[in-house]
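> As a plain string of letters, each chain reads:
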Amino acid sequence: MSTEVQEIQFRDATARIQQLKPAVASASRSAPAMVAEEDNDIHGEKMVLNMGPSHPATHGVLRIVLELDGEIITKADPDVGYLHRGDEKIAENMTYQQFIPYTDRLDYLAPLANNVAYALAVEKLLGIEKQLPPRCQYIRVICCELARISAHLLGLGAFAMDVGALTVFLHTFTEREKIYNLCEALTGARFTTSYTRIGGLSRDIPDGWVHECRKFLEEVVINFDESEKLLTRNRIFVDRTKDIGVISKEDAIDYGLTGPNLRGSGVEHDLRKTHPYLVYDQLQFEVPVGSVGDCYDRYLVRMEEMRQSVRILHQCLDKLPDGPINVPDGKVVLPPKQKVLTSMEELIHQFILVTQGVNAPAGEIYFGAENPKGELGFYINSRGGGTPHRLKIRAPSFVNLSILSHLLPGHMMSDTVAILGSLDFVMGECDR
Amino acid sequence: MSATDLALKLRERFGELLSVPFEFRGETTLVLTDAEKIAEVCGIAKKELGFDYLVDITSVDNYGEDPRFTIVYELYGYGHLHHLRIKTNVGEEKSELPTVSAVWRTANWHEREIYDMMGVRFRGHGDLRRILMWDGYPYFPLRKDFPLAGKTSEVPERGFTNPAPLEGGPFVTAAGGKDAMAREPRVRVPEADELKTIARLERRRDLGRADEQNPAAIGERR
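If you read the sequences in order, they're chains G and E. Residues 589 to 1020 in the numbering used here are what the first sequence lists, from first letter to last. Residues 174 to 395 in the numbering used here are what the second sequence lists, from first letter to last.
If you are wondering where the hints come from, they were derived from the structure by calculation, not from laboratory data. It should be emphasised that the depicted structure is a prediction, and the values quoted were computed from it without experimental measurement. Take these hints with a grain of salt, some might be off.
[Stated by the list, open to error] Mimicking SDA-like on lysine to any residue, the simulated pairs with C-alpha atoms at most 20 Å apart in a straight line are:
#: 1; chain 1: G; residue 1: LYS830; chain 2: G; residue 2: LYS718
#: 2; chain 1: E; residue 1: LYS182; chain 2: E; residue 2: ASP239
#: 3; chain 1: E; residue 1: LYS267; chain 2: E; residue 2: VAL204
#: 4; chain 1: G; residue 1: LYS927; chain 2: G; residue 2: GLY911
#: 5; chain 1: E; residue 1: LYS220; chain 2: E; residue 2: ARG198
#: 6; chain 1: G; residue 1: LYS712; chain 2: E; residue 2: GLY199
#: 7; chain 1: G; residue 1: LYS718; chain 2: E; residue 2: ARG198
#: 8; chain 1: E; residue 1: LYS219; chain 2: G; residue 2: GLY911
#: 9; chain 1: G; residue 1: LYS837; chain 2: E; residue 2: LYS260
#: 10; chain 1: E; residue 1: LYS260; chain 2: G; residue 2: VAL898
#: 11; chain 1: G; residue 1: LYS712; chain 2: E; residue 2: HIS256
#: 12; chain 1: G; residue 1: LYS712; chain 2: E; residue 2: GLU200
#: 13; chain 1: E; residue 1: LYS324; chain 2: G; residue 2: ASP813
[Stated by the list, open to error] Here chain E is said to cover these stretches of chain G; the calculated rule only asks that three of the stretch's residues, wherever they fall, bring their Cβ under 8 Å from a Cβ of chain E:
#: 14; segment: 743 to 749
#: 15; segment: 810 to 824
#: 16; segment: 960 to 971
#: 17; segment: 1006 to 1013
[To be verified] Going by beta-carbon spacing under 8 Å, a handful of chain E positions derived as facing chain G:
#: 18; residue: GLU200
#: 19; residue: ASP225
#: 20; residue: TYR226
Backbone N, C-alpha and C define an ideal beta-carbon position, used for all residues, glycine too.
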C-alpha cells in the first residue's frame, strides 16, 4: 500500500467559478426563455412529478413534488414528515437517562455520535462536562469518529451508486460491516448502541478492542484509496457531479447548512475546531473546505474528512489514558451493582436515579455537536427535576433539506439524484 | 468582544424592549418584551452585529401560565463565533408574531415546524403549511394539553390516528396483560382481526389434537 499523496489535477478553482457563473445564470433562466422561443405545442405545459416517498435515491422517505418543463425542474417542494415519531414529545415524558435509546434512532447511520451529543447536552445542563474523566472523553471521541467514518462511507457509497458507480457501494459496505463488529464488541449492539450515560459510559472498552480498532484503521485507509480511485477521476462521476448543485457561501449560511455541506461551500467552520468539546482541542486534525460548493466538492470534503477521522482515531488510541469512565458522583451516575447491594447510600442513589432521574437545575441550554451530517443541537429547557420541560432537537438533515426548493430549480431532472446524494441526509433525523 | 457585549450593544439600540442579558452555563440570553419587534431586532442583530447564522428556533409551551408560548431564537455569527439567545413571549389568544424568514431564509422551515407542532402563527410567512404532520391534521401535538398517547383524528384519503396503547404509563408493558399483537390496534381492521383470531385458534386446536395422537411430532415441528 502506498501512502503517498496522489496528485490530482483539478481545474483552478477561480476558473471553475468563472466558467460556472454564466452556466448557472442561463440554467435558471433557460426554462421560461425556452417556452417563449420554441414551439408552443411542446412547451408551455408543465408536468408535475412526484418523487418519493419511496424512491431509491431519496434514501428514506423523502417526497419531492417536482414541477418539470421538459427535463428541467422549474419548482421543487420537498415534503418531509413521513417518519415523524414525536421524539420531542416523548422526551418530555421521561427522564434524561431514558431518552438515550431514542437518540439512536435520530441519525441511525451514526448512533454513537448522537449518544455522545445528547449526553454532552445534558451534562452541560448539569454543569458537569468539565468533570468527565479523561478516559471517558477519549472513548467518546473514538465513538464520534468511528460513527463519522461509518456515516460517510454509507453516504458516499449511496451517492456513487445513485449516479451509476455501483461498485463503490460494495467496497464501502465491507468496511461498514467491520465498524459494526467494533460497535458490537464495544457496546453490545451493532445498530442501536445506546452507549453513553449521563456522566459517563455504559461500559469500558473490552480487552483487545484497541488492537482490533487499529487493524480496522489500517484496512479502511486502503479502502479509501480504492474508492477514491473509482470515483475521483472517474469521467462519468465527475461529469455528473462537477458544477452541479452549486451552493454559494452566502446561500449556505443563509439556509443554515452545517457539516460537510457548509464546508463544501467554502465556509471553514467545524464545531470541533471553533468550540472544541471533549478532547478535540488536544488532537491534531485539519478541516477540509471546498471551493465551488458543487456536488463534487461535497464529495471531496467527505472523503478527506474520513481520512482526518482516521488520523484522530490513531491519536486517541495512542493517547488513551487509564482510569475511571464515569463521573464520580453518585447523584448523576448509577453506582456499581456491588455497592448497591452492600451499602445504604448507594442503594438510595440508585433508587432515586432510577425512579426520578438526575436532579437537573432549572435553566436552559443549547449544545451543538459536529455530527457526520452537520450540527446536531439539543435545546433543553429545564424547570428542575429529572425530566426536561422541553427538549428540542436541531436536526442537521432537516435544515440541510430546506435548501432543496432553492437549489433544485434550473437543474435537469437527473441531477436531482446527484444533488440528493451529495447533501447526504437521513430522514430519521429530519422527521424526528 | 464577548457575547454579553454584543447583547448589550443590541440592548443599547432597543433600550427597555430588551431585558438585561443574563448568563447560564456560558450562554447569553436576552428577553424581548414585545414579540411584535422580533423581526426588527433580528434584522439589526444580523446586519449590524454579524449574527449571520440562525441556528434554530424553538417553541416552549408554558401551559397554565400567561403568556403561554415562548419562542426561542438561537443566533450565531461566523465572524465573531459567538452565540446569543433571544426569547420572546406570545399569548395564547393572539398566537401570532412576525416572521423572521425575510432575515434568514432558514427560518422558513423552523417557523413551519413551530406552527405545525405548537400552533403559533408567523405573520408575513409566505408558506405557512404543516410540515411534519399532514395537511388538515386538527391538533398541535407538542402542546402540553395534548396527551402523549395521541388523539383520534381522520382526514379522508390522507391519514388517520388513534391513541397509542400505553397501559397506564408511557411505554409500559403490564405483566399478565394482553400480548403485543392484541395491544397494537392501529393497522388492523376489526372484522378481519376476528377472522384471523378464529383461524389461529382453530389452528392451535388442530395442532393440539395432532400432538395428542402423536406426541413424537412435537419436537419435530419445533
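> Starting from the hint list further up, note which numbers the structure goes against and sort them upward.
1, 2, 5, 8, 9, 10, 13, 14, 15 and 17
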